[in-house]
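Protein chains in written order, with the numbering used here: chain A, 1 to 553; chain B, 1 to 309; chain C, 1 to 237.
Treat the hints as calculated values from the structure; they're not laboratory data. Note that the coordinates shown come from a computational prediction; the quantities given were computed from them, not determined experimentally. Here a beta-carbon is modelled for each residue, glycine too, at the ideal position from N, C-alpha and C. Fair warning: there could be bad hints in the mix.
[Claimed, not checked] If you want the ones that stay clear, here's a sample from chain A, every Cβ over 12 Å from chain C, calculated: (1) 119; (2) 176; (3) 251; (4) 357; (5) 399; (6) 463.
[Said to hold, decoys possible] Here are the computed lysine to any residue pairs in the SDA-like style, where the Cα-Cα straight-line distance is at most 25 Å: (7) A:345 <-> C:81; (8) B:188 <-> B:165; (9) A:307 <-> B:162; (10) A:22 <-> C:233; (11) A:345 <-> B:169; (12) B:258 <-> C:38; (13) A:22 <-> C:232; (14) A:81 <-> C:232; (15) A:307 <-> A:350; (16) B:188 <-> C:153; (17) B:10 <-> A:148.
[Said to hold, decoys possible] Far from chain C, some chain A residues (derived; all Cβ distances over 12 Å): (18) 213; (19) 241; (20) 256; (21) 257; (22) 261; (23) 302; (24) 384; (25) 530; (26) 544.
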Amino acid sequence: MPLYQSENLTYYYPEGEKPALKGINLSIEEGEFLLITGGSGSGKSTLARVLAGLIPDFYGGRFGGRVYFQGRDLGRMDRRKLAREVGIVFQDPEKQLVMTSVEAEIAFGLENLGLPRVEMSRRVAEVMGFLDLAEIRQEFTAHLSGGQKQKLALAAVLAMQPRVLVLDEPTSQLDPVAAEEFLNLVKRLNEEMGLTIILIEQRLERCFHLADRVVLMEDGQVRYEGTPEQLSRWAVQRDIPFVPPVARFFARIGFPSIPVTVKEGRQLLRSNFDRREFPPLKPAVKADPEEQVLAMIKVWFTYPDGKEALQDISIQIAAGELVALLGANGAGKSTLLKTMAGLLKPGRGRVQVMGRDLSNGGRPGDSRIAYLSQNPNDYLFQDTVEEELLSTLKNFGLPDDGIVDEILEKLDLQRYRRANPRDLSSGERQRVALASILVARPRLLLLDEPTRGMDYPLKEKLGEMVTGLSREGVSVVLVTHDVEFAANFASRVLLLFAGRIVADGPKHQVLGQSVFYSTQIGKMCRGYVDGVLTLQEALDRLVPAWTARQVVR
Amino acid sequence: MFEGFFYQEKGVFLQSLHPLAAVFYLGGLLVLTLLFTNPLYLLGLLLVILLCIAAVRGWETWETYFRLSLSMMILVIIINPLLVRTGETVIWWGPRLPVFGRLTVSLEAVCYGAAMSVRLLAVISIFCLYNLTVHPDKVLSLLARFASRSALVLSLATRMFPAMLRQMENIREVQAMRGVDFQAGTLKERLSRYAALMNILLLSSLEDSLEIAEAMQARAFGSGKRSCYRQDTWRPRDSLCLGGSLLALAVAVYGQAKGFSTFSFYPQLGYLIPGPMTVVVLIIILLALSVPVVLSWGWQRCPYIKAKI
Amino acid sequence: MAFWRKMLLPLALVFIPGLLLASIKINAFLLGQGWGLLALLIIIIALVLMYWGFEQGRVSSREVAVIAMLGTIAAAGRVPFASLPGIQPTTFIVIISGFVFGPRAGFMVGSTAGLVSNFFLGQGPWTPWQMFAWGLAGTSAGVLKTGCPRAGKKVMTVFSFLWGYLFGWIMNLWTWTGFIHPLTWESFVATYAASFWFDTLHALGNAAFYLFFGSSFIKILQRFRRRLEVRLLPADS
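Model the full structure from these sequences, guided by the hints.
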């Protein structure tokens, strides 16, 4: 008997006109590691909530069809019993912690279950031991890092000893190191403890190879289900992007077997591609020196608590450059970005944007500098999208000479012109926030982790948009953890470590030399062939060296 | 940001007390401070409180509290002599005022004002001590036994407060980059910009609160009767402190009833030390209240005591 | 435990008037100088009662989260804003919360704001009084809504304005009862006069917030309130 069995599951949110899920028939076996993927709005999060029993209990709405859990109707199960069997970890760690201390947080679910104190003590101790949280037992939860918070959220659920763990994009708010650590834990839970894992994820580089089975969703329906390898082959033929780059590369060239890890990819590469045959690298085109937009000269910044977040930073950025700023958490990326924006005044050194000195006095706010923070909600308070754009123009005293139309068109927001920005999806909200700053025609665009929580198509769109802007002469600086995105779209990469710039140069130079800050394809090719970071580059340079293909020809 | 007052774990003795013992001790101090008017007793209590603050290395925090209470102390010192006319020993005859009549200042009222300013300082110092020694979490968990839902609301709010301030700062920055100048313009303009900021904060937080509620529900909140996890260890030190507080309270009630510890300001100042019992009662109370200070000292210096309590 | 839980309200109801009556007697025992202690006791009992009321009702996880969130926002409102010294929206937020979500929620938002903000800004003897004053502001706004549901902008602006003074007056009680003796009308007036300008500023701030932004904030809360109800719709076959 399968653990879960859904029959013709259909669901509408209370305000929804369209079904969020339609006609889903899915069965999940005990002990399985199931990956559910798909684009934004494909219904994968909704499905996760059905499996966790939150729909329709918490959301209401219109629910049709049946879901069985161990043969029993999920809708008729006692809520307490269900909570003991199924645990769910959500996207944002900030929004699932309830208590003030780590220990109390773990105990919260157990208290809700009404367990006796002895039982609670044992479970809390066990979980803290397993996840190595004993050190921070008494810590104030608000002071933890993002990775620690998410680990705590996981611990709190594990303490309830569920058989099934549903994870709804648990790593989307984490930096790569914390994300990797989190997924490794999940893998251990599956392999050692035999927990059934249902992982919802739209960025597959890190988790694709962990899954036993992948379900691809689209428009509230299951589009495909199969092993990672089967899915890769199937998806690539249909130009569906939900396959990680290495697998996509091999599927794309029609290779007989599809690797799901970088290691397998590397082995296939070495045994099947002749390194003597790689076409030579095209020399990078040296562009003429452009007009300089941003200049930072020996900039230092120290926080009031004494942390030297920026040390002796000197950068020059020319018009039309697209710079990616990489580095670990706490390396000073956001601080650097805020200094460029004029939000933080450097203690020493100078920051000049288009000749204006930002380092001394003067309030922030210059129509030539646009800054997009991590949370698009911070921008939205007008009643319509259009008003949101007009308000920026008004603040800067700029006229609307058709720029509002132009920007709405460019960001594909025309149809939402009169909509309330708060009614839009998160991807759309981010576009509105972006529109509200681009409307002032900035020369310098600063983006703080713009790809957070985005699926492949959305990222592609964003990338094309910023590339377009940089072609028009706008300098773009983006802070990101997303090396794939940086490799695809940036022209120059800065690597920050402990407040200092440790590498600065064209992307191939910086990412190609780096062991850790590289793309999946870059990692696969490392030490075998140079100058290959993206799928396109791999197709261009590797394919001619594929020995088997030459034989066929 | 704004966390200077938030509890910091310093690993000192007084912070290791059971919340019940700590709250009882502090409550006892508060009751005694509000009970006594005798200047000697008030000064004695203040001394004990300050010793405790020294024992938790809290001088810096206390300084802020002291500065805060200065204005109130001055108010108490001024209002008492100017407006209370029960004292007989008039030392200054002031002008006649329309509502209040003739202003007089009596020696008794001046003394009373001074004593009350000491009481005020003592009360505020007790809360300073509370801030330094009791983790909010401990009180919340104490509360959770009786009122689990209220305790949950409070602990949720405590957890979210720092994030809320950070978010407010983010919104301010973002809006500043969009050309909103919070400093310029008329008061009404500035007010409306501030309101826009609160507006964003409200919209975003309300959305977030649904996600928090969902996470709570997913962890079986509201699925039936809750149990309570938190248990704090009760050690000999807690019994000793509790005993000290109880003794001090009992002796205080005895002293108050027998009139040993009372002091009358009006109509004329009484004798500060009418008899030996006044001193005896005071000494017993102060010694009983000093138990935590003495233990703290011993805990730091003497490994034997440390192991035993 | 269950017994005490049941008995808490009747006991408290007997206790408060009893305490007030006895205060004449006790006060003699304290040589007429124990008003500060008594006032503190009464406030604490009132708080206990109101919390007890909140414990009794049925509250969903959504409501708990929203109340906590509103309390946090109100608490964050206490943090001074650089360009507007002295003006803070805490009372305003507490009042509109009570107005939209009812007296019990109003009390919780107000008292939470008082307690939690002081965890960070410093606990003091003012804490219980602030919890009580803000809690009462929220409750009264909720009661006003039930009493006259049509209370419009004008009424509410005046109401907010008055709460500026009322808040200050409740806060003055602890200074007055604790540190001034004997409690005469003159000293009462003088204590209140000392805080007059401060209270006026508070009242004007409240009124301004309500006048200019009350309706838009209330609209947000009401729109959100609808989302708190879980609507299960019949499945169409």
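To see whether the hints hold, each was checked on the structure:
1. 119: At roughly 20 Å from the nearest Cβ of chain C, residue 119 of chain A sits farther out than 12 Å, so the non-interface label holds.
2. 176: 31 Å, holds
3. 251: 40 Å, holds
4. 357: The assertion about residue 357 of chain A holds, with a minimum of 23 Å to chain C.
5. 399: Non-interface label on residue 399 of chain A holds, nearest chain C Cβ at 27 Å vs cutoff 12 Å.
6. 463: Given a closest Cβ separation of 35 Å, the condition holds.
7. A:345 <-> C:81: Within the cut-off at roughly 20 Å; holds.
8. B:188 <-> B:165: 23 Å, holds
9. A:307 <-> B:162: 20 Å, holds
10. A:22 <-> C:233: 16 Å, holds
11. A:345 <-> B:169: 16 Å, holds
12. B:258 <-> C:38: Holds - the C-alpha atoms of residue 38 of chain C and residue 258 of chain B are around 21 Å apart, at most 25 Å.
13. A:22 <-> C:232: 17 Å, holds
14. A:81 <-> C:232: 22 Å, holds
15. A:307 <-> A:350: 19 Å, holds
16. B:188 <-> C:153: The hint holds at about 18 Å.
17. B:10 <-> A:148: Since the Cα atoms of residue 10 of chain B and residue 148 of chain A sit roughly 22 Å apart, the hinted pair holds (cutoff 25 Å).
18. 213: 29 Å, holds
19. 241: 34 Å, holds
20. 256: 47 Å, holds
21. 257: The claim stands: residue 257 of chain A keeps its Cβ more than 12 Å from every Cβ of chain C (closest is about 45 Å).
22. 261: 41 Å, holds
23. 302: Holds: least Cβ distance 21 Å, greater than 12 Å.
24. 384: It holds; residue 384 of chain A is separated from chain C by about 14 Å at its closest Cβ, greater than 12 Å.
25. 530: 53 Å, holds
26. 544: It holds; residue 544 of chain A is separated from chain C by about 57 Å at its closest Cβ, greater than 12 Å.
The structure shown violates none of the earlier numbered hints.
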